[in-house]
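> Residue strings, one per chain:
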Amino acid sequence: MHLQRALMQNRKMDLWVELVQTVSGLLLVGFLWTHMIFVASILLGIEAFNTLAKFMEDFGLLPVAVIFIILAGAAHVGTVLRRIPGRWQEQKIVWRHAKTIKHHDTWSWLFQAVTGSAMLILIIIHVFVVVYAGINTELSADRVHSWMLWFYIVLLLLAEYHASVGLYRTLVKWTNMKRRSLKTVLLIITILTVGLGLISLAVFYSHGGSI
Amino acid sequence: MNPRQLTFQIFRYNPETPEQQPSMQNYVVEEEPGMTLFIALNRIRETLDPTLRFDFVCRAGICGSCGMLINGTPTLACRTLTKNLPENITLMPLPVFQLLGDLSVDTGTWFREMSIRTESWVHSNKEIDPRAPEEPMDNETALSIYEAERCIECGCCIGGCATANLKPDFIGAAGVNRVARFMLDPRDQRSEQEYFDVVGSEDGIFGCIGLMACDDNCPVGIPLQGQLAYVRKKMASAGWKRK
Ligand code: HEM
Ligand code: SF4
Ligand code: SF4
Ligand code: FES
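Going down the list, the sequences are from chains A and B. Under this note's numbering, think of the first position of the first sequence as 1, with each following residue one higher. Under this note's numbering, think of the first position of the second sequence as 212, with each following residue one higher.
Treat the hints as calculated values from the structure; they're not laboratory data. Incorrect hints may have been included.
What the hints assert, rightly or not - Distance windows between CB atoms, simulated:
no. : chain 1 : residue 1 : chain 2 : residue 2 : range
1   : B       : 326       : A       : 121       : 40 to 48 Å
2   : A       : 191       : B       : 347       : 48 to 56 Å
3   : A       : 19        : B       : 320       : 28 to 36 Å
4   : B       : 212       : A       : 81        : 53 to 61 Å
5   : B       : 236       : A       : 90        : 27 to 35 Å
6   : A       : 189       : B       : 299       : 34 to 42 Å
7   : B       : 228       : A       : 82        : 33 to 41 Å
8   : B       : 236       : A       : 86        : 33 to 41 Å
9   : A       : 38        : B       : 215       : 53 to 61 Å
10  : A       : 86        : B       : 361       : 31 to 39 Å
11  : A       : 117       : B       : 256       : 42 to 50 Å
For each residue, glycine too, the CB sits at the ideal point set by N, CA and C.
Based on the sequences and whatever the hints tell you, model everything.
Spelled out as structure tokens, the structure:
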């Protein structure tokens, strides 16, 4: 025991931070999947998408969603940052360690940290664009029908990967579920959600420029 | 069929001669039927290089002194058959523990410190009469304690854990499993708050990020995922109630 540690001992803190990290992560997964289903309403036609967008606007759900993502995102990033090896020396240790022991779940954690950090920037851009430019079929389709298509594809892949690994991590930490079956189920969900996202993007792309 | 010629790439470093850089040295050994790494390493020391340092005691998977990274995987050398390995075999010492030289590390000091920090003894102020018959314990409890007690302190779960590699004070899966053993023991009178003081922190269960390298690599197959989840839930509930 050292002086600073003895003085700092607020043991409940470590539990709270861990809980905030996990709960905010789970909320974000819930948000992500709801969001992807809403976006997929474009598959039912332009009408359906516009109706949903208007519904969200009329009931003031858009600001609610934006505030939610900012709060949950800030809570998640704030708590999770403590786990990302910050010093150069630590970075060297984790990457070397992962390469040495060739262990699948260790790699997936590193990718979780990398996809998370990349998403932090992309999500901020995404939220800004949506808030300042707005949402309706025309705007969205034109956005997708441009260089921003790549932005959306990358964000989709990063987010689904991160969500799926995060869910896996949470379940593995708190339950004794069989990890092999968990991986299979989550892989199927990820393929489905990525597929749904890509199809939605394709439909937007085909509408782009024509409406 | 001709026996295989195995090429061992072995980590060499002596902390007492720090001017010599760590390096990987190659040794070629002819494979024999039923050869374990214990046999192969002794063959190298007897016929090729008497200076090579490594540890074995029981050579039967009981003492836990021969843990090392075999082609990267932390496991026991005495229980690893060369026939299950490719022709090129890389051997490195377990990380985290103090390196004594080549493949030899000091796991003992680490485990002793962990035992003291987790207070690994039955806490009880009950008078014990050494001549009275022992109090019986129901079979299920005894078996669940025994499950955790099987740990041979080989350190594979510690060397393989990225968290333990980064944070020297992290007690790792072996430490958490140790605490689980006492939590399950009805003779230990510690309250859940007392356990929380021991493991309810970033150096204990809340430092674990769920990589499961421990669970994947424990050579005696202790269900570490379950042990970690058990302690995590118990400590979350204790922390929740804590004033
Ligand atoms: C925006 C920037 C983000 C960053 C920098 C980030 C980073 C991380 C990191 C490093 C972890 C591992 C934490 C650990 O193992 O202790 C993690 C866990 C997790 N993340 Fe994210 N993430 C971000 C966004 C998201 C989003 C948008 C979602 C939802 C789709 C999400 C869901 C999760 C979940 C469920 C976990 C598991 C929580 C746990 O293990 O306790 N994260 N995140
Ligand atoms: S689950 Fe991962 S972080 Fe936790 S003790 Fe095991 S290897 Fe270490
Ligand atoms: S829990 Fe398993 S891997 Fe860890 S020290 Fe004990 S026997 Fe070795
Ligand atoms: S020598 Fe005892 S466990 Fe390998």
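> Hint by hint, say whether it matches the structure.
These are the hints, each one checked on the structure:
{"no.": "1", "hint": "B:326 with A:121: 40 to 48 Å", "verdict": "45 Å, holds"}
{"no.": "2", "hint": "A:191 with B:347: 48 to 56 Å", "verdict": "54 Å, holds"}
{"no.": "3", "hint": "A:19 with B:320: 28 to 36 Å", "verdict": "34 Å, holds"}
{"no.": "4", "hint": "B:212 with A:81: 53 to 61 Å", "verdict": "56 Å, holds"}
{"no.": "5", "hint": "B:236 with A:90: 27 to 35 Å", "verdict": "29 Å, holds"}
{"no.": "6", "hint": "A:189 with B:299: 34 to 42 Å", "verdict": "39 Å, holds"}
{"no.": "7", "hint": "B:228 with A:82: 33 to 41 Å", "verdict": "39 Å, holds"}
{"no.": "8", "hint": "B:236 with A:86: 33 to 41 Å", "verdict": "35 Å, holds"}
{"no.": "9", "hint": "A:38 with B:215: 53 to 61 Å", "verdict": "60 Å, holds"}
{"no.": "10", "hint": "A:86 with B:361: 31 to 39 Å", "verdict": "37 Å, holds"}
{"no.": "11", "hint": "A:117 with B:256: 42 to 50 Å", "verdict": "47 Å, holds"}
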